[in-house]
Amino acid sequence: MLFFAPIEFINQLLLKFFSGDTINHFIWPFIQIGLVVTLVAGWVAYATYLERKISAFMQARLGPMRVGPWGLLQPIADGIKLLTKEDFIPEKADRWIFFFAPYIAVAAAFITFSVIPFGPDWAVITDVNIGLLFVLAVSSVGVLALILAGWSSNSKYSLLGALRSSAQMISYEVAMGLSLVGALMFARTLSLSGVVHAQQLDSVWFFVYQPLGFLIFLVSGIAENNRAPFDLPEAESELVAGFHTEYSGFRWSLFFMAEYAAMVIVSAVAVTVYLGGWYFPFVYRYTEANGYHNLYVIVSLLVFIFKLLAILYLYFWLRWTLPRFRYDQLMDIGWKWLIPSALINIVISALAIFIVQALNGWRGIKTIESLSSGLDLTPIGKALMIVMGLAGLGLTGLSLARINWRSRDFNLKNQRRNIRLVNVPSGKPAVAPIVPAASEG
Amino acid sequence: MTAAQGDVVQIGNRKSAIRNNNMPLVKVPKPKFMTKLRRFFMADLLQGLRLTLKYNIGAIIDKDSVAGKGIYTEQYPKVRPDVAPRFHGAPRLNMDPETHDTLCIACNLCAIACPEDCIDVLAMDVEITVAGKPRRKKVLDEFIFDTSRCMFCALCQEACPTSCLELTQDFELATYSRAGFVWNREMLEQGRETVKYTR
Amino acid sequence: MHQVEIATTQETLLDSPEMVLNMGPQHPSTHGVLRVILKLDGETVIDLDCDIGYLHRGMEKIAENRMYTMIAPYWDRLDYIAAVSNGLVWVETVEQMMNLPVPRRAHYLRTILTELNRIASHLLWLATHALDIGAVTVLLWALREREEILKIFERQFGARLTCHAWRVGGMPNDAYDGFTEDVQQFVNNFPTRLDEYETVLSENRIWLSRTVGIGVISADEAVAIGLSGPALRGSGVAWDIRKSRPYAAYAEMDFDIPLGENGDTYDRYLVRLEEMRQSRRIVNQALENLPDGPVNAKLPKIVKPPVGDYYHSIEGPKGEIGCYLVSDGTAQPWRVRVRPPSLINLQALKQLCLGHLVADVVAIIGTLDIVLGEIDR
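The listed protein sequences derive, respectively, from chains A, B and C.
Everything in the first sequence is counted per the numbering used here, starting at 1 for the first residue and increasing by one.
Everything in the second sequence is counted per the numbering used here, starting at 1001 for the first residue and increasing by one.
Everything in the third sequence is counted per the numbering used here, starting at 2001 for the first residue and increasing by one.
FYI, nobody ran anything at the bench for these hints, they're computed from the structure.
Don't take each hint at face value.
What the hints assert, rightly or not - In silico DSBU-like links for lysine-lysine, alpha-carbon gap of 35 Å or less:
hint: 1; chain 1: B; residue 1: 1054; chain 2: B; residue 2: 1069
hint: 2; chain 1: B; residue 1: 1032; chain 2: A; residue 2: 336
hint: 3; chain 1: A; residue 1: 92; chain 2: C; residue 2: 2039
hint: 4; chain 1: A; residue 1: 336; chain 2: B; residue 2: 1036
hint: 5; chain 1: C; residue 1: 2061; chain 2: C; residue 2: 2151
hint: 6; chain 1: A; residue 1: 156; chain 2: A; residue 2: 81
hint: 7; chain 1: B; residue 1: 1196; chain 2: C; residue 2: 2350
hint: 8; chain 1: B; residue 1: 1196; chain 2: B; residue 2: 1069
hint: 9; chain 1: A; residue 1: 81; chain 2: B; residue 2: 1032
hint: 10; chain 1: A; residue 1: 156; chain 2: C; residue 2: 2039
hint: 11; chain 1: C; residue 1: 2304; chain 2: C; residue 2: 2039
hint: 12; chain 1: B; residue 1: 1069; chain 2: A; residue 2: 81
hint: 13; chain 1: C; residue 1: 2304; chain 2: B; residue 2: 1137
hint: 14; chain 1: A; residue 1: 336; chain 2: C; residue 2: 2039
hint: 15; chain 1: A; residue 1: 85; chain 2: A; residue 2: 156
hint: 16; chain 1: C; residue 1: 2061; chain 2: C; residue 2: 2350
Stated by the list, open to error - Quick partial rundown of chain A residues pointing at chain C, CB under 8 Å, derived from the structure:
hint: 17; residue: 156
hint: 18; residue: 229
hint: 19; residue: 240
hint: 20; residue: 306
hint: 21; residue: 322
hint: 22; residue: 328
hint: 23; residue: 329
Here a beta-carbon is modelled for each residue, glycine too, at the ideal position from N, C-alpha and C.
In isolation and in its complexed conformation, chain A is listed as follows (with noise of 0.2 Å):
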């Protein structure tokens, strides 16, 4: 292709001066995370952008509309403002932890990108055969950034949200974490491009599979991301910044930055191992079957894009409607529901893959293609697992919903009509006010 023509003429450039192998494991790799992390950045620029654009349209308002046509460059007035504005130091702050923490909160989301399969074939920085644990191991790492940023702060409000912080994502991260293993069953390898494989195999995207994970998934991931409704550790109303209270200007908008590169890393690892990552089925037909290889990698890339913006619309759309939980209602959710919910999940789906598997063969019946890589469905067994899946989320749901049936989150009541109209005779002057039955016991 015509567009790729220079990078192949590149590619002959360095090949005279390095040897084959120091450009595919060192030089490429370099530009390619370049490019990651320019254009990740410019994404969270404007993941802002979107979210102000957004949250403007729930609330009847247009958004930024002045730098720029319809305020595109807002964006970079954001950033040349913050940049250039004073970066103060509480004067007793434990300096050195107040100047690193932010660094170790953006450096521990870019990381993740680098496991991230964006596309198939070159859109993948490295392909590592951990590459969801190392997602999860080094994304966790963001939490010291916050819990630093809040004790160094030497600030009452900043404790409070790094306190918060750490329980919460703590908490969140199990949820989170066990929600993944029911889809890996499914994959079985941890190597993210290889749950996309699977999928693409198997053409079956995993939250039809896997209803339950996906939900779990999604929703200890935002409260693993710190937004709202979950967005206690920063709770304007309550903590003024919540961990960065006292952080202003190039820092305070690093945090700003670790957390919408969070928020993406979240809806990456949501969409590779629940929506299929970058299949979307009749791609390949199209285009590598037909022998357009940098076709198809580019149109897999913008399938990608998309399903990660639907997920980063629900973020938007739930930050923008809910109110926010109180502390010990967060933990409740965590711990009640997600955590038991989640180890319920990896039953039932061991449960239903051992069906499945057992009743291969069983009177004729085939629901196994091939166990080559990943599980390979015949449609019964698909339509099998699906039905367990469904299964699966309507039993727990309805077995912790039976645990829970007294508890507070079922028993707040719906109390429009316990609100009494009465009509006072007028013009009677009361000397005492008129205490109706209510107040006795």
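Use these hints to put chains B and C onto chain A, whose structure you have.
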């Protein structure tokens, strides 16, 4: 009798505050099965999400079922607001449209009516001839209006017997200095030079 | 009763001391310059104190040095969210002291506009309360409706917030052309909007779990503290000055008083929402029966109430706002005393907050609907 919430009591050698760990509970009528079912299927959250989605789409196509238009933002410097005729904005001293003399008769009523004492009327006596006889007449020399202290209550406007002092629709009163808030007669009569931003 | 003990002194490393958290005066959700000092065990509030006075402007003292007509604009600055209602207290106190016969049309217009002001005030309360609990979108929706009311105020009074709406003896101007249509349009559109807020909030489990059972105050305690307005009615006490001592044209209006059952934040929320509906009902009735005629009574050149004292109060959006006026027969009052509903409602804060979490303190400050201009005067 148990210690009440917030009481400080001595336990052993430790001073402790006793508090009721249970939040004051409210009487909750037994929820109906349907209510619980709605909560199980998250109908309460979904209906809110539906409404915000409706707003989002309504904003994009600029339609709303009640108000007609989906977006309410007033693009202020670009689109200037339609200020009501009664608006109490920047003060102005009106002039006779034909003779271009001031309508002010230096009666000082506005200065008396002002709760904030932000009006100063300085008058001078001039000799005029009325019907061939020399008379002395009080005319306006200088009029000082301190807009930084003004509450825009319009009591001065109501006190003015000749409809000279008027609060106009001009609402852009910001200046770069405190001195800029003190308006003299020339500014009150001619109006200020303001930059009207349109983009 | 389940009780836990909390250490207040640190003897071993295991007894962690409490944390004193200073909330305000520059805090996003103390609704102005209120300073709340919280003593926290973890995040549980075990003690609380309020520090007020950051907005003190000496309103009552200023009033002693102004003529009766000049004091009215200052009253707008007490509770600047409900400037129209506040202005009415002052004007009516002077009128009733002087026995001025205010024309019927003026009374009706006053009723309409103060009720609109009540709606505007409650909308701002809803907006900020929802914001405190985290539902940001409701803020902008509610402000949009409030904007419609402020537009009516701008056309009628010439100002949007501190309107200086009334004059002793009536109104500065008659209703502007198109007043009825504007109000009618607002009144027609408003119920749909209220339903929208309710769709997002009233049944929402997060909203419920943040408000139900939070800040409970019983009817007896509420009366003992002296709460008034929706904060009192949320506890189930039918006390509304519009009913018990009608002013303006309220005696001729037919409306209900919404009463809560439990006296928690959610009840107060519902009471205020229902009050907005009732206000709309009053506006509708007043518009239908709006009489013709003058809007101003005949006034002496200088307003001089007779020697004596007088107390008059009206049902403001926040509660009973009253004015105690002592006249020595001159053109300036001898003493003016404001009965500020926000100040007295704020006294319940400690009782409501103890044992709750920091997040609830914010919700409770929101539900009391305080305005610092009125508290500090």
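Hint-by-hint comparison with the structure:
no.	hint	in the structure
1	B:1054 / B:1069	13 Å, holds
2	B:1032 / A:336	23 Å, holds
3	A:92 / C:2039	22 Å, holds
4	A:336 / B:1036	17 Å, holds
5	C:2061 / C:2151	33 Å, holds
6	A:156 / A:81	28 Å, holds
7	B:1196 / C:2350	50 Å, violated
8	B:1196 / B:1069	27 Å, holds
9	A:81 / B:1032	54 Å, violated
10	A:156 / C:2039	12 Å, holds
11	C:2304 / C:2039	51 Å, violated
12	B:1069 / A:81	34 Å, holds
13	C:2304 / B:1137	33 Å, holds
14	A:336 / C:2039	30 Å, holds
15	A:85 / A:156	24 Å, holds
16	C:2061 / C:2350	29 Å, holds
17	156	5 Å, holds
18	229	6 Å, holds
19	240	6 Å, holds
20	306	25 Å, violated
21	322	6 Å, holds
22	328	7 Å, holds
23	329	5 Å, holds
Figure legend: structure checked against the earlier numbered hints; hints not met, in rising order: 7, 9, 11 and 20.
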